[in-house]
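Chains as they are written, first to last, in my numbering: chain A, 1 to 282; chain B, 283 to 752.
Any given hint could be a false lead.
Claimed, not checked - Label-pair restraints from in silico Cβ distances:
hint, chain 1, residue 1, chain 2, residue 2, range
1, A, Met189, B, Asn311, 34 to 44 Å
2, B, Gln691, A, Asp228, 16 to 26 Å
3, A, Ala56, B, Glu619, 55 to 65 Å
4, A, Asp242, B, Thr603, 42 to 52 Å
5, B, Gly652, A, Met1, 56 to 66 Å
6, A, Asp242, B, Lys638, 24 to 34 Å
7, B, Val425, A, Glu97, 51 to 61 Å
8, B, Glu386, A, Ala56, 54 to 64 Å
9, A, Arg162, B, Gln691, 38 to 48 Å
10, A, His126, B, Ala494, 35 to 45 Å
11, A, Gly255, B, Asn311, 26 to 36 Å
12, B, Asp559, A, Asp242, 34 to 44 Å
Simulated from the structure, these hints should not be mistaken for laboratory data. If you're wondering where the values come from, they're calculated on a predicted model, not measured in any experiment. Backbone N, C-alpha and C fix where the C-beta goes; we use that ideal spot for every residue, glycine too.
Residue strings, one per chain:
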Amino acid sequence: MHTIVAKAQLSPNVTRLDVSAPRIAQIRKAGQFVIVRRGEGAERIPLTIADSDAAAGTISLVIQAVGKSTKELVALAVGDSIKDIAGPLGHPTELIEKGHAVCVGGGVGTAVVHPIAQALSKIGVHVTSVIGGRSKEWVIYEPELRNIGDVVVCTDDGSYGRKGFVTQATEDLLKAGGVDIVYAVGPVMMMKALAELTRPYGVKTIVSLNPLMVDGTGMCGGCRVSVDGKAYFACVDGPEFDGHLVDFGQLADRGTTYREFEQEAAKRCADGDCRIGLSNKG
Amino acid sequence: MSTSNLTPKQRMQIARQEMPAQDPAVRRNNFGEVNLGMEAELAKLEAERCLQCRDPKCMKGCPVNVNIPRFLDLLTAGDMAGAANSLLSDNALPAVTGRVCPQETQCECECVRANRGSPVGIGYLERFVADWARSNQDAITLVNAAPKGKKVAVVGSGPAGLTAAGQLARRGYDVTVFEALHRAGGVLVYGIPEFRLPKKIVDQEVERLVQAGVKIECNVVVGRTYTVPELREQFDAIFIANGAGLPMFMNIPGEHYKGSYTANEYLTRVNLMAAYDPDSDTPIIKPRRVAVVGGGNVAMDAARTAQRMGAERVSIVYRRTKAEMPARAEEVHHAEEEGVAFDLLCAPVEIVANEKKWVTGLKCVRMELGAPDASGRRSPVAIPGSEFIIECDVVVSALGTRANPLLTQTCPDMKLDKRGNIVVDEKLMTSIPGVFAGGDIVRGAATVILAMGDGKRAAAAIDDYLMAKA
Ligand SMILES: Cc1cc2nc3c(=O)[nH]c(=O)nc-3n(C[C@H](O)[C@H](O)[C@H](O)COP(=O)(O)OP(=O)(O)OC[C@H]3O[C@@H](n4cnc5c(N)ncnc54)[C@H](O)[C@@H]3O)c2cc1C
Ligand SMILES: Cc1cc2nc3c(=O)[nH]c(=O)nc-3n(C[C@H](O)[C@H](O)[C@H](O)COP(=O)(O)OP(=O)(O)OC[C@H]3O[C@@H](n4cnc5c(N)ncnc54)[C@H](O)[C@@H]3O)c2cc1C
Ligand code: SF4
Ligand code: SF4
Ligand code: FES
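Can you make the complete structure from the sequences, with help from the hints?
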């Protein structure tokens with residue numbers, strides 16, 4: 001059992017939970033994640049370790065409520081507990097040793113990029129974070145990232161920071177030169193766009209992939225992704241890969257496996273033909 | 283000495299009793315157990331078929347040497363407690379092995395009665411006695427030795443790990459089992475379906491270990507949460523039994539399409555994550571037509587599971603013929619009874635999909651059996667130009683599994699063979715002193731009883747090793 005010791009609402013649909021998990025808090029590294037199962041009968045879902053406090057024995061999970069499992073997690077209150085947390089899983093981020101790193105976070109991806117920025121700044125790398133959201137209230141982790149380095153905030157509607165997408169702000173940085181590496185975390189299409197953007201500049205781009213996962217130990221094969229034409233398991237070989245080699249199209253397709261079924265199921269049920277009884281009632 | 287007064291001749295006259303089973307037309311729609319178990323009368327009659335051989339060949343066929351005539355004799359005499367204690371002292375999980383052992387290639391195949399008619403139903407009787415023991419726990423008199431003050435870690439809670447843990451606890455060790463998943467049991471809970479092995483049985487066996495003092499820590503992924511060298515510092519010895527969980531792929535085009543599952547993922551979603559229960563949160567595709575590639579137990583389990591999830595047509599796609607299938611004979615028979623189709627002498631060449639990347643079929647090529655190879659098996663060869671498509675919306679590949687490198691990668695000093703399996707000596711010790719290994723991680727994908735046999739031998743070897751050091 002893992003008790004929730006603190007909770008904060010970061011944006012309209014993103015919540016941070018600080019959860020007790022002493023062993024994981026002690027050894028986790030940037031880029032690693034945990035598999036969380038709220039309680040009996042719940043799904044196992046992967047969540048990045050956004051931060052940790054080894055002394056307090058807690059880890060921070062930053063959760064965007066998109067479906068049943070994430071909605072139920074963010075509905076938990078301080079003092080409630082989560083039944084199962086396994087980890088830390090995945091390989092730690094491959095950090096550069098010196099130079100200038102641009103860390104790009106889109107939406108909840110900002111929370112995932114935060115530990116990477118943190119780890120880089122700790123070893124003396126100059127970090128510029130480019131973070132974005134729909135509008136001001138959707139921007140998260142800005143103060144934490146300002147403590148670490150430069151921050152460029154982008155909003156789609158221009159209500160805060162620059163108007164536009166994180167790709168445009170990143171392009172300006174690339175044009176100005178001196179960027180040694182880009183770390184990008186966010187929706188698949190954002191990561192794909194960034195990888196295409198950096199390719200002509202020859203700047204290495206690390207992306208964090210989020211395929212559907214079940215066990216997180218390399219047993220089910222459900223999280224397979226195609227990188228450089230070869231199949232890898234994101235849970236044990238990743239989740240971070242060289243963005244210039246990732247087949248994003250395949251990732252995007254596979255990611256919709258249950259989404260399309262959900263919609264189709266809803267439609268068919270309306271038509272009175274319920275053969276795809278998807279049990280996930282989200 | 284036999285306690286019954288039947289003469290061998292009278293025993294020979296008794297015909298093999300049949301295992302009552304759920305009607306195929308009914309069971310293909312539910313997850314209830316297929317075999318219903320024998321009534322006491324029937325079990326006693328079947329046990330009386332045993333000739334009580336002085337040189338029991340059956341025992342040689344059993345990887346853990348269960349004293350078969352002894353427990354059958356006690357059963358015929360009506361001494362259930364005696365039979366249960368005898369069986370349990372040889373085999374830690376008889377309710378499991380009685381259900382899932384390939385008896386026809388092990389104990390029953392060696393039984394002298396196999397040549398003349400049919401062998402004694404050892405598996406069914408083992409199940410009968412074990413089920414009696416499950417509801418009569420007070421009659422079990424096995425006790426732990428005095429505490430030895432030494433700690434042993436067991437990695438993995440499959441049959442190998444559970445057996446080793448039980449044996450070590452009985453020998454007086456302080457045992458902790460580390461399991462990566464949220465539930466103990468290994469393949470017994472995530473792979474083998476409910477209708478063959480009810481999860482309740484595995485849970486009871488695990489509970490019995492906990493009662494015997496074994497500590498079980500779930501959600502610990504060794505190699506990540508702790509490495510083997512880290513555990514080595516805290517424990518006097520380690521037994522590694524993390525199985526062979528890494529799925530193999532067909533390496534044909536289209537394996538990434540939506541609707542293409544590995545058997546591990548498909549079975550894990552349905553079993554461990556309980557997708558068969560409409561109240562669980564686990565999503566799963568509910569297809570109309572399913573093609574399952576492979577001919578082993580895993581393939582049969584996936585096909586029969588798909589059948590129960592409501593598919594209209596499920597077929598097994600296998601490169602050879604039924605005679606070469608490695609699955610347990612009873613599973614193939616049950617699958618047929620339940621209406622699973624067999625597309626034999628077919629090899630998949632491509633998974634085809636629609637424009638939205640959903641699987642629509644499995645393209646196969648027909649095969650014929652060529653000349654026997656070195657192992658005596660006739661190897662299949664493709665018939666040129668014979669490609670055809672099996673229409674389906676889900677493809678499950680059940681091609682077998684290999685060693686998962688997650689643990690061994692963080693233990694560079696441990697010697698592995700070229701397939702990634704851990705190399706052990708005759709005492710099951712790895713190249714690292716005090717670290718032992720067994721089960722599928724050493725043998726490659728094998729059987730429950732071989733894994734249990736390793737667990738038992740490893741416990742004895744660990745005991746010897748730690749006592750020699752003491
Ligand atoms: C390594 C890794 C790290 C992750 N870290 C975080 C994190 O720190 N914070 C966070 O909020 N989320 C993270 N995710 C995504 C998170 O696991 C999913 O959002 C979650 O599993 C959805 O579960 P659900 O039951 O709430 O939604 P579901 O009902 O399963 O899905 C709701 C919708 O979200 C989509 N979806 C489901 N899973 C994913 C996924 N993996 N990626 C993108 N879309 C998905 C579905 O297609 C559907 O449209 C991570 C995923 C991975 C693989
Ligand atoms: C679907 C299916 C059907 C089968 N049917 C039969 C049958 O009918 N009869 C038969 O005899 N055999 C059958 N088998 C084979 C049999 O189940 C295996 O040979 C047996 O389970 C191997 O036991 P094990 O203890 O070595 O490993 P497993 O049962 O694989 O257990 C290993 C355990 O270790 C855990 N683990 C893995 N990595 C780590 C780690 N890094 N840290 C901590 N824990 C870890 C796993 O989660 C798992 O719980 C079947 C197998 C499958 C998949
Ligand atoms: S453990 Fe398996 S092989 Fe041994 S007697 Fe029992 S059923 Fe037969
Ligand atoms: S070989 Fe057959 S008949 Fe003989 S003891 Fe074993 S089970 Fe009985
Ligand atoms: S999540 Fe199952 S192999 Fe990666």
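Each hint tested on the structure:
Checked against the hint of 34 to 44 Å, the C-beta distance between A:Met189 and B:Asn311 comes to roughly 42 Å, which is consistent with it. Take B:Gln691 and A:Asp228: their Cβ atoms lie about 20 Å apart, and the range 16 to 26 Å holds. The hinted window of 55 to 65 Å between A:Ala56 and B:Glu619 holds, with their beta carbons roughly 59 Å apart. One distance hint, 42 to 52 Å for the beta-carbon pair A:Asp242 and B:Thr603, holds here, with the actual separation near 45 Å.
Evaluation of the 56 to 66 Å hint for B:Gly652 and A:Met1 yields a pass: the beta carbon distance comes to about 59 Å. For the hinted restraint 24 to 34 Å between A:Asp242 and B:Lys638, the CB-CB distance of approximately 28 Å keeps it satisfied. Distance hint for B:Val425 and A:Glu97: a CB-CB separation of about 59 Å, consistent with the stated range 51 to 61 Å. Separation of B:Glu386 from A:Ala56 is about 58 Å and conforms to the stated range, judged on CB atoms against 54 to 64 Å.
A beta carbon spacing of about 43 Å between A:Arg162 and B:Gln691 agrees with the range 38 to 48 Å that was offered as a hint. Restraint check, A:His126 to B:Ala494: a C-beta distance of roughly 58 Å breaks the suggested window 35 to 45 Å. The supplied range of 26 to 36 Å is met by A:Gly255 and B:Asn311, whose beta-carbon atoms lie about 32 Å from each other. Evaluation of the 34 to 44 Å hint for B:Asp559 and A:Asp242 yields a pass: the beta carbon distance comes to about 41 Å.
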